[in-house]
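In terms of the UniProt record's numbering, the first sequence has 227 at position 227, counting the first letter as 1, and numbering is strictly consecutive.
One thing to keep in mind: the hints can contain errors.
[As the list claims (entries may be wrong)] With a cut-off of at most 25 Å between alpha-carbon atoms, the simulated PhoX-like pairs for lysine-lysine come out as follows: (1) LYS235 with LYS170; (2) LYS170 with LYS122; (3) LYS55 with LYS87; (4) LYS143 with LYS235; (5) LYS98 with LYS235; (6) LYS21 with LYS63; (7) LYS50 with LYS86; (8) LYS87 with LYS21; (9) LYS74 with LYS143; (10) LYS55 with LYS122; (11) LYS55 with LYS86; (12) LYS235 with LYS21; (13) LYS73 with LYS219; (14) LYS166 with LYS122; (15) LYS50 with LYS98; (16) LYS219 with LYS63; (17) LYS219 with LYS252; (18) LYS86 with LYS170; (19) LYS86 with LYS63.
If you are wondering where the hints come from, they were derived from the structure by calculation, not from laboratory data.
Values in this document were obtained by computation on a predicted structure and should not be read as measured data.
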Amino acid sequence: MTLRIATWNVNSVRQRLGHLKDFTDSHQPDVLCLQETKVQNSEFPEHDIKSMGYKTVLFHGQKSYNGVAILCKKEIEINNQLIWCKKDDCRHLSITLKDGVQIHNFYVPSGGAIPDPEQNDKFAHKLQFIKEMTKWISDPAQKNEKLVIVGDLNVAPLVNDVWNHKKIQKSVGHTPLECDLMEKLREAGNLTDVGRHFVSADQPLYSWWGYRYKPSFVKNYGWRLDHILTTESLKSALQHFEIVKDTRGWEKPSDHVPSIVDLNL
DNA sequence: ATGACACGATTGTCGTGA
């Protein structure tokens, strides 16, 4: 059986319903994890999403900012949401499927503009969040499970995860400190970076193109901020990976595009 | 070189994203 999991920072679920339907129809994910839904639970467009074919729709949101959701066509055994950095700011949701595969959907804090935890609380929060994830995945109780960790991790860890490594090194999201923390997270869980499992590290690979500089997408000034990581027990199941770049060229797009993994279970 | 745009909550403009 093939399980297709996708992750997409949609930058407002209500603004992206048309794109969600088109992506669902064209790529048929079994599980679609969303970030930056930007809507409180009472306003979540549950009915619209269910009519796209998702049996189970889980959401954890707040007004204006953040928010995650998991859309699933399969039966779910367990669902859960964890608190990170002692704040319930809607950055995590997880499900466990009947076969024991756990899917964890994360929206890591972006970290503000100044890459200094002394001067910038948002950056301190981001560093703390990644450290907590590292501690969490270090626990053999997690590490030995069949885990798929997806989401907008807001770090582009490798040289070819940004369009200009030299220029961007001083920017939040690609500082040596953040890149190092991401590598430690990966090592702590003995995780496979699925994108780089399929696309060699010497090739550019991006999932985000900013809005502010208009021609960013045309010029391919991108960053790889969205990730899929799997634990060791799923490594042999990895079958296919894809970043669906097309969506960035659609009308009124999210600044992020979906990433997809197929697992052969 | 951090401005540029998009979004939500608001009614004028601000906080946020990265």
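Notebook entry, point to check: Against the structure shown, which of the earlier numbered hints fail to hold, in ascending order?
Noted result: 1, 3, 7, 8, 10, 11, 12, 13, 16, 18
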